[in-house]
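Let chain Y serve as the given structure and place chain H on it in line with the hints.
Protein chains in written order, with our numbering: chain Y, 7 to 111; chain H, 462 to 935.
Worth flagging that the hints you see were computed from the coordinates, not collected in a lab.
Remember, it's a predicted structure, so these values are computed and weren't measured experimentally.
We put the beta carbon where it would ideally sit given N, CA and C, even for glycine.
Be a bit skeptical, because a hint or two may be false.
[As the list claims (entries may be wrong)] Derived BS3-like pairs (lysine-lysine); straight-line CA-CA distance at most 27 Å: (1) 735(H) with 836(H); (2) 546(H) with 12(Y); (3) 100(Y) with 463(H); (4) 678(H) with 635(H); (5) 583(H) with 635(H); (6) 12(Y) with 583(H); (7) 16(Y) with 546(H); (8) 463(H) with 90(Y).
[Claimed, not checked] A short, non-exhaustive set of chain H residues, derived as facing chain Y with CB atoms under 8 Å: (9) 484; (10) 491; (11) 531; (12) 585.
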Amino acid sequence: MEGTRKFRLKEVINWVANTSEEKDLLHDNTYWIYGLPGIGKTSLAHSICAILHDQRQLAGAFFCRRDDPNLSEPRSVLPTLIYKLAENFPPFEKLWQIIFATTQI
Amino acid sequence: MKGSLFLELLDNLPYGPSNSLVFVIDAFDECGNNRSRPALLRLLNSAAASASWLKIIITSRPEGDIQRVFDELSQSSYLRYDLAKDQEASHDLRTFAQSEFGLVAQDWYFSPPWPEESLLDKLISRANGLFIFIKTLALALEHCADPTEFLKTTSEEAGAGLKPLYRLYSNVLKSRIVHSNSEFQRVIGVLLTVAPHRALCEETIAELAGVGPNLVKKWVKDLNSLLSRDEGTNRGIRVRHLSISEFLVSDDCPYIYQINLQDANVELGIACLKTMVSQLRFNICGIEDSRLANADIEDLPFRIRENISDSLQYSTLYWSNHLCFTPDGNNRRVWESLKEFFEGLCPLFWVEVLSLMGMVPKGVPCIRKVSSWAKVSPTPACIQSDLIGCRMGIRPFMKGFRTFVVSWLLFKPPSLSALHTPIFQRDPSCPHTRLYQTPSGRDLLNPSRWWEGNCRLGPHRHWSGLGILRVSRA
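Chain Y on its own, in the form it takes in the complex:
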């Protein structure tokens, strides 16, 4: 659905660009978008992902689907995201490998 929700999309992208430097403060780093089924959440999420991907700011995405066992499993959400993050941000991958090397016997 190209060309829809342009304003909302812009708001979200602006929010992503807006980083707070103060480490101690709580950040409003989570954005919850909600609405009735069929209102266009998934379509908006796709548009957001496309833009963030182009800007190289998409660390990872997970599109849940109730009727797909792999996509409705909460235990696979975090590992998928972490794996993607490691792919997109090498220092994270390095640290991950170090920690795994020391914790695994």
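Using the frame of chain Y, we list chain H on its own:
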């Protein structure tokens, strides 16, 4: 990876990326359940709060459990946005509708503007902001006898929230499915109940629903606005949108199309058992030497495809999920099908098929599920006297022994002489008296590992009678 470890990793990162990185999670309400979601959501939020460069976007329905987690969180740690309040939405919806209907108009050689402005206005207001409404409508028009009339009927269905959408789904069904309502219900019943496990293609749906494949294909084509093919997995058929399955099981769905999930599951469970009873057989893949491990059979995937039908593959994996869907069903047909399955050699052949597919670990919870279901389910009087107990299991017999026990006698054997049928005798010459073997004693310590690849019924071994020991004690 544990969530706490992830947080620790984030804390220990020497530096973050120069631009923020974002996780996007769509349709979070479609993941897990109201017990598993909150913990994950809290963890995600703390991850985003602990690393200033990490941002998380979550979309979902306003479900109670998700709402509660956000209500508990500090207001400053997140943003929330209700899409229904989106000012530009109705404008967007209009643009979207115009482009979708424009394509329909082209198809039908309607001269623009079609539909007329006033009709379009009405339709937009019926949509209540739901894009899926317009999308479904446009798809339904493709197969419609009179698009303008269909739009007019649809525009008259007023109501709040999801009501007009559900009315639209009803109208699509009414216009497309005229005959064979019980067969239609069986087909949709299979389609909805298999969905959480694996989408199936038309032929397999037809087989499990006991309906001709041509009928299923026709309906899938006719209901193009509600159903679609999942090109990814097995080219199975799925509903286009979750709201369609929710509609089909709700009271908003006309009675003749409505699906009762409990009944549909029981029916499918019985169909799975029947499929297994009729298709399972000794050495189903025709493997020449039973001592070969799965990994050593080069053309195993080909043999599986050729010899184990899709309906059998599905049935062996998920029969217990469907059968035990109703926690304490009192259904004579279920018990009779169970009896039929467990009285023969099917359980052994079943384990063999699981092994060939590398799915034996799935068999264990399957048996457990049936066992505990059988304990709480009222047994019909005609079967009660035959019920021995629920002693079923797949387990290694003893450490160091190269054998494991498949014990499955749920029912009393038809006669005492059944106890002396070849399967229970120490008769190495009988082809059925095979034993599951493990490659080495060491692997026994890790049962799930050898189960996956290496159980096979072999003619050179005999059924040691361990199974009978277990049963006769019961």
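- [ ] Could you tell me which of the hints above the structure violates, numbers in ascending order?
- [x] 12
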